[in-house]
Amino acid sequence: DVKVTQSSRYLVKRTGEKVFLECVQDMDHENMFWYRQDPGLGLRLIYFSYDVKMKEKGDIPEGYSVSREKKERFSLILESASTNQTSMYLCASTSRTSGAYEQYFGPGTRLTVT
Amino acid sequence: QKEVEQDPGPLSVPEGAIVSLNCTYSNSAFQYFMWYRQYSRKGPELLMYTYSSGNKEDGRFTAQVDKSSKYISLFIRDSQPSDSATYLCAILSGYALNFGKGTSLLVTP
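Going line by line, the protein sequences match chains A and B. Taking my numbering, the leading residue of the first sequence gets 1, the next gets one more, and so forth. Taking my numbering, the leading residue of the second sequence gets 1, the next gets one more, and so forth.
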């Protein structure tokens, strides 16, 4: 069974802290994605990666960075957390060959920045 | 203008009703159209996808794409309380998916 796991379900951080969100997939997928989901705004793409050490900005990359050192792991970094980054963060992965339309999502991390 | 527009609802229907969920999109070059379902406190899961125009049926679910009007629809027949979820339309743009805002559906017994 395919699986995308995220390091935490719930996270509370203080303004200015550096925050790491980790995502691991066990499907040998090439492409990995980070989204945030907010009421009334839907799912918005932050960054994606189509290969190890490769990254592309999505629609809302400001205030975030990413790291992909291994194929199965994609990390989202908030360099200096702010209250407007309080959100649900969702990681996803997909195979480049079997169908980029089917993204497999993790359960999400609900981040609160106080 | 956002590439995919979707009415967020909420939509409440009685069990057994036919549900119609709709999205519009802006770029006529898009070819892959998806519907994802998201239960509370879970990540979205692919429900159905359609390539180009036409209909696709899977059990009680029918996905429809009208490229001439840039309109995508999901129909749910004989809706069940277990269908209560948020439904997100999406289009494939390069590597990434562009999602609508999602429509919250509640099916009441």
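Hints should not be assumed to be uniformly reliable.
[What the hints assert, rightly or not] Calculated cross-link-like contacts (lysine to aspartate or glutamate; reagent style EDC-like; alpha-carbon spacing at most 16 Å):
no. : chain 1 : residue 1 : chain 2 : residue 2
1   : B       : K2        : A       : E30
2   : A       : K70       : A       : D38
3   : A       : K3        : B       : E3
4   : A       : K18       : A       : D59
5   : A       : K53       : A       : D38
6   : B       : K42       : A       : D38
7   : A       : K70       : A       : E30
8   : A       : K13       : A       : E56
9   : B       : K70       : B       : E15
[As the list claims (entries may be wrong)] Among the chain B residues that face chain A by a calculated CB cut under 8 Å, a handful are:
no. : residue
10  : P8
11  : G9
12  : P10
13  : Y32
14  : P44
15  : G59
16  : K67
17  : K70
18  : Y71
19  : L88
20  : Y95
21  : L97
[Said to hold, decoys possible] Computed footprint of chain A on chain B, listed as stretches where at least three residues anywhere in the stretch have a Cβ under 8 Å from a Cβ of chain A:
no. : region
22  : 33-42
23  : 45-52
24  : 100-109
Simulated from the structure, these hints should not be mistaken for lab results. Note that beta-carbon positions come from the ideal geometry of N, C-alpha and C, so glycine has one too.
Hint by hint, here is what the structure shows:
no., hint, in the structure
1, B/K2 with A/E30, "violated (27 Å)"
2, A/K70 with A/D38, "violated (29 Å)"
3, A/K3 with B/E3, "violated (29 Å)"
4, A/K18 with A/D59, "violated (22 Å)"
5, A/K53 with A/D38, "violated (28 Å)"
6, B/K42 with A/D38, "holds (14 Å)"
7, A/K70 with A/E30, "holds (10 Å)"
8, A/K13 with A/E56, "violated (26 Å)"
9, B/K70 with B/E15, "violated (30 Å)"
10, P8, "holds (7 Å)"
11, G9, "violated (12 Å)"
12, P10, "violated (12 Å)"
13, Y32, "holds (5 Å)"
14, P44, "holds (5 Å)"
15, G59, "violated (18 Å)"
16, K67, "violated (16 Å)"
17, K70, "violated (18 Å)"
18, Y71, "violated (18 Å)"
19, L88, "holds (7 Å)"
20, Y95, "holds (6 Å)"
21, L97, "holds (6 Å)"
22, 33-42, "holds (count 3)"
23, 45-52, "holds (count 3)"
24, 100-109, "holds (count 3)"
The structure does not agree with the numbered hints 1, 2, 3, 4, 5, 8, 9, 11, 12, 15, 16, 17, 18 stated previously, though it agrees with the rest.
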